[in-house]
Amino acid sequence: MDLNEIKTAVIQMDEKSTEKLVIEALEEKYNPLDILNNGLIPGMKAVGELFTRKEYFVPEILLASDAFYRGFNLLTPYLKKASYRKKDKVLICVVQGDIHDIGKNIVKVMIESAGFQVIDLGRDVPIDEIIKAVKTAKPQILALSSLMTTTMLQMGEIINRLEKENLRKNIKIIIGGAPLNQEFARKIKADGYGEDAAGAVDLIEKLIRE
Amino acid sequence: MKLVVVNNSIKIHARTGTLLINALQRKALPVNALCAGNGRCGSCRVKIIGKSRPADEIEKIFIPHKLLKMGYRLACRYRIEDDIKIQIPLIKKRKRMTPSDAGFALDLGTTLIKGAGIDISSGRLLEKAKTQNLQNSFGGDVVSRIGEALKGNYQKLRNLMMLSIKNIKNQIGIKKPILTVVVGNPVMLSFYLNKPVAGLGSYPFKSEIKGLILKKNPVRIVLPIIKGFVGSDTVAGIVAADLYNKKKNFLYIDLGTNGEVVLIKNDSIIATSTAAGPAFEGVGLSCGSPAVDGAIDRITYNKGFRIKTINNKEPTGICASGIIDLLAVLLNLHWLTPDGRLLKKPRFNNITIEQGDVRKLQLAIGAIHTGIKILLKKAKLSSCEIDGAVLTGEFGSHLDPSSLYRIGLLPRKIKKVYLKTDLPLKGAIMCIKDSRTIKQAEEISRKSEHLELALESDFERIFVQSMKFSIWN
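Residue numbers (the working numbering), protein chains in the order written: chain P, 1 to 210; chain L, 211 to 683.
So that you can see chain P by itself, here it is in the shape it has in the complex (with noise of 0.2 Å):
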């Protein structure tokens, strides 16, 4: 077989095909780390791209993130001991008194397709539960979601107490969510904005690059 062939699955958001074909894939001998470089990867990516030139929509992207993870899941066990990620981690989770968590679950099936490692803290975060996994995870990237002018003040304030707490120095942080903007991010000293879920993953390389 023919990888792309779980590439085409996952654009075309068919999880049980995506599942079928992945399991073909190993019992092929194929190199789980190959089947997701150069299969499943690479789907999530095409969809990222059909979604930045408006062809595909919300429900596309969380149905072909379906997709991915239902073989995603199939290829951890042999993954495990492979250090198949990108050393780098990030943290997400949308911010106290929203619930909406839609966009942050797209972002992250993004981060993670491109081989970040993501640890999500769901919604309605309180900050003193953000600051807390900031010391123990010790992530390199924080993304923090809002879905209301009201709730995005916050982001701010995790950002003063990240400072207040000296942790601000070894972390990046980046923001979105409908109400959010770039002067908003400036303003409240954050590292970036991402527009939309293919932008931030670009956003998260370029930040750990520099």
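There may be inaccurate statements among the hints.
[As the list claims (entries may be wrong)] Okay, derived cross-link-like pairs now, DSSO-like style, lysine-lysine, Cα gap no bigger than 30 Å in a straight line: (1) L/554 to P/45; (2) L/456 to L/590; (3) L/366 to P/187; (4) L/555 to P/54; (5) P/45 to L/570; (6) L/456 to L/366; (7) P/45 to L/366; (8) L/361 to P/132; (9) L/623 to L/458; (10) L/678 to P/54; (11) L/416 to P/132; (12) P/54 to L/554; (13) L/361 to P/189; (14) L/416 to P/16; (15) P/20 to L/678; (16) L/221 to P/187; (17) P/54 to L/570; (18) L/555 to P/187; (19) P/16 to L/555; (20) L/361 to P/164; (21) P/189 to L/366; (22) L/555 to P/45; (23) P/169 to L/361; (24) P/29 to P/54.
No wet-lab data here; the hints were simulated from the structure.
Keeping the supplied structure of chain P fixed, place chain L upon it in accordance with the hints.
Showing chain L alone in chain P's frame:
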């Protein structure tokens, strides 16, 4: 039974259970009854001398506590069960009804403030008007208003709200209404009542408004909200559409920014608000327009596009009803795919629809669709068990049900679709005309269960499915 009026020692015989006001009227005794004895003005106040029955809800609204304790009751609410003595207060010369002592119904919308003056004695509608909510300059949706309030602009926003109300009063020509009934969403009501809005700015979305709120001098009644972002405008709309306690299943949908969706299953009610956004009000779309003169409000296709504008003026944009028609037509022509890709754009003069507009509409329609689906599931009903759906909002004068079905906003199996504008205001007007309506509004508010859609376990899955433009059975 014997009734004695101590003012002039008149004795009246009345059958047990007779309303005091009827007994007095029969003898042509001078008692005020501006609202014709319907318990909505409080002008038929009399003093019961000796033992009186406890005051009822309406009397508590219209009579100050101190006077209640002195034995004052409303003649229109008081049934003669025993021999009683009463005193009729000195009656001022009955004035001719002018709008200035009429009742005032007020709907505080996020975008529009609507009001109506009602002649209390006849129940006649004197004047109706709507005006922009002057808060609009602080953002189009409730969340951005709260955001502004949190930034220190609360007082400014409140002043703008009060100024908008003043404007609408001027338009109607009403100065000092003797009774005002107010409805609105919880955020607008908070500004009106000078209560904080911070709690509504984030989950769990709590307001400081509880139950029916009564202000005196002059009498103002704020109808009770449901919960979260579902306000008394929704309660009043359900009242006006007469959906409660009908041994039937109804959907009530307000196609506004908050997109309230309510399922009424006889006397049980589940309500939710969906983050539909302002797309249905024509806001945020490149081609969008509110339902004003010149807005395209109807689009059909028969060997070419046919459009109709409001009052046949030059087309300036497309309002909600036109947009819904347009999506349906484009789907039928395959210019638009069910997953929302716009393959070919139509053009009406300089007006066209863009891919970005379609995406916003997909989110808005998907939000309402998701709300309906989750409520049906909660109530264990299928769409064919819904006897009717009532839609209210600023969509223009009509909405084509077949377009609503085509884009998947409503299940096709719903037997009847009613489109009504201004239902919340109508509900407020009804409360002025008949105080029993206030009771019903209270009951609806009390009985309603509120649902937070985003917390439902299958919300994301259903939302994803709901964003497809496909016929829904």
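Hint check:
1. L/554 to P/45: 27 Å, holds
2. L/456 to L/590: 18 Å, holds
3. L/366 to P/187: Distance of about 24 Å is within 30 Å: holds.
4. L/555 to P/54: 15 Å, holds
5. P/45 to L/570: 24 Å, holds
6. L/456 to L/366: 44 Å, violated
7. P/45 to L/366: 47 Å, violated
8. L/361 to P/132: 28 Å, holds
9. L/623 to L/458: Satisfied, since the Cα-Cα distance of roughly 15 Å is no more than 30 Å.
10. L/678 to P/54: Answer holds: residue 678 of chain L to residue 54 of chain P is near 15 Å, not above 30 Å.
11. L/416 to P/132: 28 Å, holds
12. P/54 to L/554: 14 Å, holds
13. L/361 to P/189: Since the Cα atoms of residue 361 of chain L and residue 189 of chain P sit roughly 18 Å apart, the hinted pair holds (cutoff 30 Å).
14. L/416 to P/16: Measuring from Cα to Cα gives roughly 43 Å; hence the hint is violated.
15. P/20 to L/678: 26 Å, holds
16. L/221 to P/187: Violated, at roughly 80 Å.
17. P/54 to L/570: 12 Å, holds
18. L/555 to P/187: Violated, at about 39 Å.
19. P/16 to L/555: 35 Å, violated
20. L/361 to P/164: Cα-Cα ~23 Å, so holds.
21. P/189 to L/366: 29 Å, holds
22. L/555 to P/45: Holds: residue 555 of chain L and residue 45 of chain P sit about 29 Å apart, inside 30 Å.
23. P/169 to L/361: 29 Å, holds
24. P/29 to P/54: 37 Å, violated
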